[in-house]
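*Asks:* Take a look at the letters that make up each chain.
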Amino acid sequence: MNNKKKIMEDLIHGIFLILGLITVGCVFLITVYLIISGVPAIRKIGIINFLFGTKWASTAQDPKYGILPFILTSIYGTAGAIILGVPVGFFTAVYLSKVAPSKMRQIVSFIVNMLAGIPSVVYGLVGMMVLVPGIRKLFNIPDGASLFAAIIVLSIMILPSIISVSMTALDAVPRDYEDASLALGANEIETYFRVSVPAARSGIAAAVVLGVGRAIGEAMAVMMVSGNAAKMPSLFQSVRFLTTAVASEMSYSAGLQRQALFSIALVLFLFIMLINATLNFFMKKGDVH
Amino acid sequence: MKKAICSVLFLTLILATLTGCGSSAGAKNAISTDGSTSMEKVIGALGEKYQIDNPGISFSYNPTGSGSGIAAVAEGRCDIGLSSRDLKDEEKKQGLIETPVAYDGISIIVNPSNPVKNLTLEQINKIYTGKIKNWKEVGGKNIRIVLVGREAGSGTRDGFESITKTAGACDYREELTSTGDVITTVSSNPGAVGYASMASVKDSVKEISVGGVDPSEKAVKDGSYVVQRPFMLITKKGVKLSKTAQSFFNYITSKDANKIISDMGAVPAA
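Residue numbers (this note's numbering), protein chains in the order written: chain A, -2 to 286; chain B, 121 to 390.
Incorrect hints may have been included.
Residues of chain B clear of chain A, computed beta-carbon distances all greater than 10 Å [claimed, not checked]: (1) Asp173; (2) Glu294; (3) Asp342; (4) Gly385; (5) Ala389.
From the structure, some residues in chain B lie toward chain A, with a derived Cβ separation under 10 Å [stated by the list, open to error]: (6) Thr157; (7) Glu160; (8) Thr184; (9) Ala191; (10) Glu195; (11) Lys208; (12) Glu211; (13) Lys212; (14) Ala272; (15) Arg293; (16) Glu295; (17) Leu296; (18) Asp301; (19) Ser308; (20) Gly311.
Heads up, simulated DSSO-like pairs for lysine-lysine below, C-alpha to C-alpha not over 27 Å straight-line [stated by the list, open to error]: (21) Lys134(A) to Lys326(B); (22) Lys208(B) to Lys237(B); (23) Lys52(A) to Lys285(B); (24) Lys41(A) to Lys208(B); (25) Lys41(A) to Lys237(B); (26) Lys52(A) to Lys253(B); (27) Lys134(A) to Lys261(B); (28) Lys246(B) to Lys61(A); (29) Lys61(A) to Lys253(B); (30) Lys61(A) to Lys208(B); (31) Lys208(B) to Lys52(A); (32) Lys322(B) to Lys41(A); (33) Lys322(B) to Lys379(B).
Please keep in mind that the hints were generated in silico from the structure rather than gathered at the bench.
Every residue gets a Cβ at the ideal spot worked out from N, C-alpha and C, and that includes glycine.
Next comes chain A alone, as it looks inside the complex (with noise of 0.2 Å):
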């Protein structure tokens, strides 16, 4: 009797421990394959020709594959987002937490969440749409698909993930510490900005972080705006993104071209690595705070 349920508790835990497994393994399998697939075109390339070449010509006779020009477009648009979205973001999440009526943070944060859930697809047609005509007319340019374009469409698509951290970060700040401010004659702005705020900014940090992973990895949206010529970012110029470079070619392509896009892929896959490591490292200063 005892050793059947025994046997039963086992098969259950081994269930368990395969599902969890399976997460693991794909995360596993994925690094995997990227390094062995990523690997052979950057060694056959060189890796400075790789990262700092700044020509990409990968069907031409004499092919190049450097991805100077894509990893500056991606750490420029994505620069450019954090500086348009980072403010407004933060300033909504300060005003939701701390200033609105509760009704008005009710109606906010659904339209907030709204914003999250659309399809990056969609954000690419309606720039394709509006923004890229839009931009051409204003600016008087021959063409408004541009790194700037990709910018406003990417600071956009990051106001969500910023202003839903920072407000939870903003919530989680003890009302003993603004009481304590207040009480000492302090205004309301001044008692957020200089209370609140510095209390909350580990996971302010960790809100930015977050929204510039989510720029640096989005593919689509950017793909439909920002005109994907594989040249030097110039703000008002067509620009390819690490992962636009992958995108776009991947379906057509043979031989090195393909491993090349792999390796580009490999870069990509560092970068996030990297924000991911510096994202943790916010979340458990927070933690011991």
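For this one, chain A is given, so just place chain B on it according to the hints.
*Replies:* Chain B in isolation, oriented as in the chain A frame:
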């Protein structure tokens, strides 16, 4: 005990995954094709007609792109590969054979508001390599030319660049991943010029004549319209097609298929 149960479960899991990946190539009464997205209309119509004439046969087409289709044949993942470009030397070395089934004209398209009606092949070359930068240099308005093209590896891009001798020299402003995207972009920008498969061009853009010849099926067939490329069937030397696939292959390369191919906007090779 726990370990034993775990390993048994794990083995079952692996077996289940492995048996899931059967190969569909070579199955009886089934024809699988894989490749060029530009050939979708033509091969789809041919497959449909063949299925109606020969009930009980299942025809499948996987629109992955010329490169993927060629790779699929080389790896035995499909019966017939579809390519909208000639095989490269390294692909021929793998024992692959190409058979033309049709020819496709590539239209040069501009925004409907653009007054330019005709360009020579040389002008197109100069436009795409960035030597001509403004429409007024070829008789149009004073607007900067915006070059729209397809991504590296696309059959249409390869066809266009090899015909206009601009391979690797195109100074694209936008590289888009589908014919539809090219048409949408050109239709919304007065300075844009692009290229697309003749069969898929819509009224929202204007087709330009090349060297005084309008893009038409007749002009592609008699060779007077020069911007054209082949639609190839790819098979592997030494690999015998199944009876069904061979009879399909014979049918679409025969004169019987000509009407369907022309209905779909391409020019039959037979």
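*Asks:* Each hint should be assessed against the structure and marked as holding or not.
*Replies:* Tested hints:
With a least beta-carbon separation of about 32 Å from chain A, Asp173(B) lies farther than 10 Å from that chain, consistent with its non-interface assignment. Against chain A, the non-interface label of Glu294(B) is violated: not every CB pair exceeds 10 Å, the least being about 4 Å. The beta carbon of Asp342(B) is kept farther than 10 Å from every beta carbon of chain A, the shortest such distance being approximately 30 Å. The Cβ of Gly385(B) lies farther than 10 Å from every Cβ of chain A, with a closest approach of about 22 Å, so its non-interface assignment holds.
With a minimum CB-CB distance of about 23 Å to chain A, Ala389(B) clears the 10 Å threshold, and the non-interface call stands. Annotation: Thr157(B) was flagged as interfacial toward chain A, and the flag holds, the nearest CB pair being 8 Å apart, inside 10 Å. Here the hint on Glu160(B) is broken, as its CB sits about 13 Å from the closest CB of chain A, past 10 Å. Using the Cβ-Cβ criterion of 10 Å, the hint placing Thr184(B) at the interface with chain A is satisfied: the shortest such distance is roughly 7 Å.
The interface hint given for Ala191(B) holds, since its Cβ lies 7 Å from the closest Cβ of chain A, which is under the 10 Å cut-off. Interface restraint check for Glu195(B): the shortest CB-CB distance to chain A comes to about 12 Å, outside 10 Å, so the restraint is violated. Taken as an interface hint, Lys208(B) checks out: its beta carbon lies about 8 Å from the nearest beta carbon of chain A, inside 10 Å. The criterion of a C-beta within 10 Å of any C-beta in chain A is met by Glu211(B), whose closest approach is roughly 8 Å, and the hint holds.
Using the Cβ-Cβ criterion of 10 Å, the hint placing Lys212(B) at the interface with chain A is not satisfied: the shortest such distance is roughly 13 Å. Using the Cβ-Cβ criterion of 10 Å, the hint placing Ala272(B) at the interface with chain A is satisfied: the shortest such distance is roughly 4 Å. Taking 10 Å as the C-beta cut-off, the interface hint given for Arg293(B) holds, the closest approach to chain A being about 5 Å. Taking 10 Å as the C-beta cut-off, the interface hint given for Glu295(B) holds, the closest approach to chain A being about 4 Å.
Given the 10 Å rule on beta carbons, the hint for Leu296(B) holds: about 7 Å separates it from the nearest Cβ of chain A. Here the hint on Asp301(B) is kept, as its CB sits about 8 Å from the closest CB of chain A, short of 10 Å. Annotation: Ser308(B) was flagged as interfacial toward chain A, and the flag holds, the nearest CB pair being 6 Å apart, inside 10 Å. About 5 Å separates the beta-carbon of Gly311(B) from the nearest beta-carbon of chain A, less than 10 Å, and the hint is met.
For the suggested pair Lys134(A) and Lys326(B), the alpha carbons sit about 22 Å apart, so the restraint of at most 27 Å is met. A distance of roughly 35 Å separates the Cα atoms of Lys208(B) and Lys237(B); the hinted pair therefore is violated under the 27 Å criterion. Using a Cα cut-off of 27 Å, the hinted pair Lys52(A) and Lys285(B) holds, with the two alpha carbons roughly 21 Å apart. For the suggested pair Lys41(A) and Lys208(B), the alpha carbons sit about 21 Å apart, so the restraint of at most 27 Å is met.
Taking the CA atoms of Lys41(A) and Lys237(B), the gap is about 47 Å. The hint is violated against a cut of 27 Å. Proposed proximity of Lys52(A) and Lys253(B) is supported: the alpha carbons are some 22 Å apart, at most 27 Å. With a C-alpha separation of about 17 Å, the suggested pair Lys134(A) and Lys261(B) falls inside the 27 Å cut-off, and the hint holds. For the hint linking Lys246(B) to Lys61(A), the alpha-carbon distance of about 23 Å falls within 27 Å, and the restraint holds.
Between Lys61(A) and Lys253(B), the direct Cα distance comes to roughly 25 Å. Compliance with the 27 Å bound is thereby established for this hinted pair. A threshold of 27 Å between alpha carbons decides the hint, and for Lys61(A) with Lys208(B) the separation of about 19 Å falls inside it, so the pair holds. Straight-line distance between C-alpha atoms of Lys208(B) and Lys52(A) comes to about 24 Å, which keeps the hinted pair within the 27 Å bound. Distance restraint check for Lys322(B) and Lys41(A): the Cα-Cα separation of roughly 44 Å exceeds the 27 Å cut-off, and the hinted pair is therefore not satisfied.
For the hint pairing Lys322(B) with Lys379(B), the CA-to-CA distance comes to about 22 Å; that is within 27 Å, so the pair holds.
In this structure, the earlier hints numbered 2, 7, 10, 13, 22, 25 and 32 are contradicted, and the remaining ones agree with it.
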